[in-house]
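Enquirer: Here is how the chains run, residue by residue.
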Amino acid sequence: MIQTEQVANPIEAGGQARPVNLLLYLVLGAAFGVVLTKSEAISWFRIQEMFRFQSFRMYGMIGSAIATAAISIALIKKLSLKSAFGEGIDLPRKSLGSGARYAIGGTIFGIGWALTGACPGPLFALIGTGVSVMAAAVLSALAGTLLYGVLRPKLPH
Amino acid sequence: MARWWTEEWPWYIAGPLIGLFVPALLLAGNKSFGISSNLRHLCAVIVPGKLEYLRYDWKKTGLWNLTFLLGVLLGALIAAHFGDQHEIAITAGTKAALGHLGIHDFSGVAPHEIFNWHALLTVRGFVSVVVGGFLVGFGTAYAGGCTSGHAISGLANFELPSLIAVFGFFAGGLAATYLILPHLLVLP
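In order, the protein sequences belong to chains C and P.
Per the numbering used here, residue 1 is the first one in the first sequence, and the count goes up by one each step.
Per the numbering used here, residue 1001 is the first one in the second sequence, and the count goes up by one each step.
Rather than coming from a laboratory, the hints here were simulated on the basis of the structure.
Keep in mind that a hint or two might mislead.
Claimed, not checked - Cross-link-like lysine-lysine pairs, in silico, DSBU-like; alpha carbons within 35 Å at most:
1. P:K1050 to C:K78
2. C:K82 to P:K1095
3. C:K77 to P:K1050
4. C:K154 to P:K1060
5. C:K78 to P:K1060
6. C:K78 to P:K1059
7. P:K1059 to C:K82
8. P:K1060 to P:K1050
9. C:K154 to P:K1095
10. P:K1050 to C:K154
Claimed, not checked - To give an idea of the interface, some chain C residues facing chain P are shown, with a C-beta separation under 7 Å as derived from the structure:
11. P19
12. V20
13. G33
14. E40
15. R57
16. L79
17. L96
18. R101
19. T107
20. I127
21. A135
22. A137
23. L142
24. A143
Ideal Cβ positions, reconstructed from N, Cα and C, are used throughout, including at glycine.
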């Protein structure tokens, strides 16, 4: 799993899959898994509450997450911060195209989000919390991703 | 154990913490926060080279994210194992509405009646898990992101494509909630 070839410049290898970096991502991922679970954002019930507009909770959570991320990004840009391994930080912007992929793909995902009560992160988190049947949802999601790969040349983007 | 560890976290704590994963990943290694690309990476691992969409070096571009994802699963396992198992405290209105649709077990993080292996053989179990999962995979791949990549990373970076995607997420979610679930959940 770990890259074996030697990289001449360790700074260039900063973002690559070196064991120490992978451990960092594992720890960050675990922290995210804890937050998703303790916030109950992985709960089908909370997602239903959100889509039924019967609680501010999920909106407050997503809204404050966006605000925190936006302020952080603005600070990173303003201070021209670099990553821990010295790379410049850039956020590649998505190309709009016709916008169709975002509208249609987004709507299809939204239907799946309400049916499963989970977006991709929570799908995996739920397996961790013991809702093992979500492994079937993950396999099905992989099949869906694969079908997109097959149909991609024919779909409007 | 401490209260903060056994009880659910309020949104004003959990939300900002979720948002902080965007700068954390940027500062850790110039990585963009987004979970659904992992579905593509996993497909690239399983069926390499067959499709143009999957013909890339997943170890180079995706190993960090797959590791992050493994962490998500482990973190959830730890939180669930050491945390307190309690009913999700949804509002009375939601509970009543779901009760009308035939949901009676509110003890888990998701309704046990639908989300268990045996229920996969029922219409509502199959549609919720298998069809729902398929749409999550197809939809996020087509849209190029999910709640993390579009709703959080994308909107925080003021990207129009992400705004369109998030409108789509809610259009689809509302359609499923009001047009599909009322007919689906009442089925045996």
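Enquirer: If a hint holds in the structure, say so; if it does not, say that too.
Expert: How the hints compare with the structure:
At roughly 43 Å between alpha-carbon atoms, K1050 of chain P and K78 of chain C are farther apart than 35 Å, so this suggested pair is violated. A distance of roughly 48 Å separates the Cα atoms of K82 of chain C and K1095 of chain P; the hinted pair therefore is violated under the 35 Å criterion. Between K77 of chain C and K1050 of chain P, the direct Cα distance comes to roughly 39 Å. Violation of the 35 Å bound is thereby established for this hinted pair. With a C-alpha separation of about 28 Å, the suggested pair K154 of chain C and K1060 of chain P falls inside the 35 Å cut-off, and the hint holds.
Taking the CA atoms of K78 of chain C and K1060 of chain P, the gap is about 29 Å. The hint holds against a cut of 35 Å. A C-alpha spacing of about 32 Å is found between K78 of chain C and K1059 of chain P, which places the hinted pair at or below 35 Å, so the restraint holds. With a C-alpha separation of about 23 Å, the suggested pair K1059 of chain P and K82 of chain C falls inside the 35 Å cut-off, and the hint holds. Among the hinted pairs, K1060 of chain P with K1050 of chain P is consistent with the structure: their alpha-carbon atoms are about 18 Å apart, no more than 35 Å.
Among the hinted pairs, K154 of chain C with K1095 of chain P is inconsistent with the structure: their alpha-carbon atoms are about 43 Å apart, more than 35 Å. Under the criterion of a C-alpha separation no larger than 35 Å, the hint pairing K1050 of chain P with K154 of chain C is consistent with the structure, at around 17 Å. Hint on P19 of chain C is violated. Least Cβ distance to chain P is approximately 10 Å, over the 7 Å limit. Interface restraint check for V20 of chain C: the shortest CB-CB distance to chain P comes to about 11 Å, outside 7 Å, so the restraint is violated.
Contact between G33 of chain C and chain P, as hinted, is supported at the beta carbon level, the nearest pair being about 2 Å apart and thus within 7 Å. For E40 of chain C, the interface hint holds, since its Cβ comes within 7 Å of a Cβ in chain P; the closest pair sits about 5 Å apart. For the restraint placing R57 of chain C at the interface with chain P, the shortest Cβ-Cβ distance is roughly 5 Å, inside the 7 Å limit, so the hint holds. A cut of 7 Å between beta carbons decides the hint on L79 of chain C: the least distance to chain P is about 11 Å, and the hint is violated.
Contact between L96 of chain C and chain P, as hinted, is supported at the beta carbon level, the nearest pair being about 5 Å apart and thus within 7 Å. Nearest Cβ of chain P to the Cβ of R101 of chain C: about 6 Å, under the 7 Å cut. The hint holds. The closest approach between the C-beta of T107 of chain C and any C-beta of chain P is roughly 4 Å, which is under the 7 Å cut-off, so the hint is satisfied. Interface hint status for I127 of chain C: upheld, as the beta-carbon distance to the closest one in chain P is roughly 6 Å, under 7 Å.
Checking A135 of chain C against chain P by beta carbon gives a least distance of about 9 Å; that is not within 7 Å, so the hint is violated. Below 7 Å, beta-carbon pairs count as interface contacts, and A137 of chain C has one with chain P at about 3 Å; its hint therefore holds. Hint on L142 of chain C holds. Least Cβ distance to chain P is approximately 6 Å, under the 7 Å limit. At about 6 Å, the closest approach between the beta carbon of A143 of chain C and any beta carbon in chain P falls short of 7 Å, and the interface hint on this residue holds.
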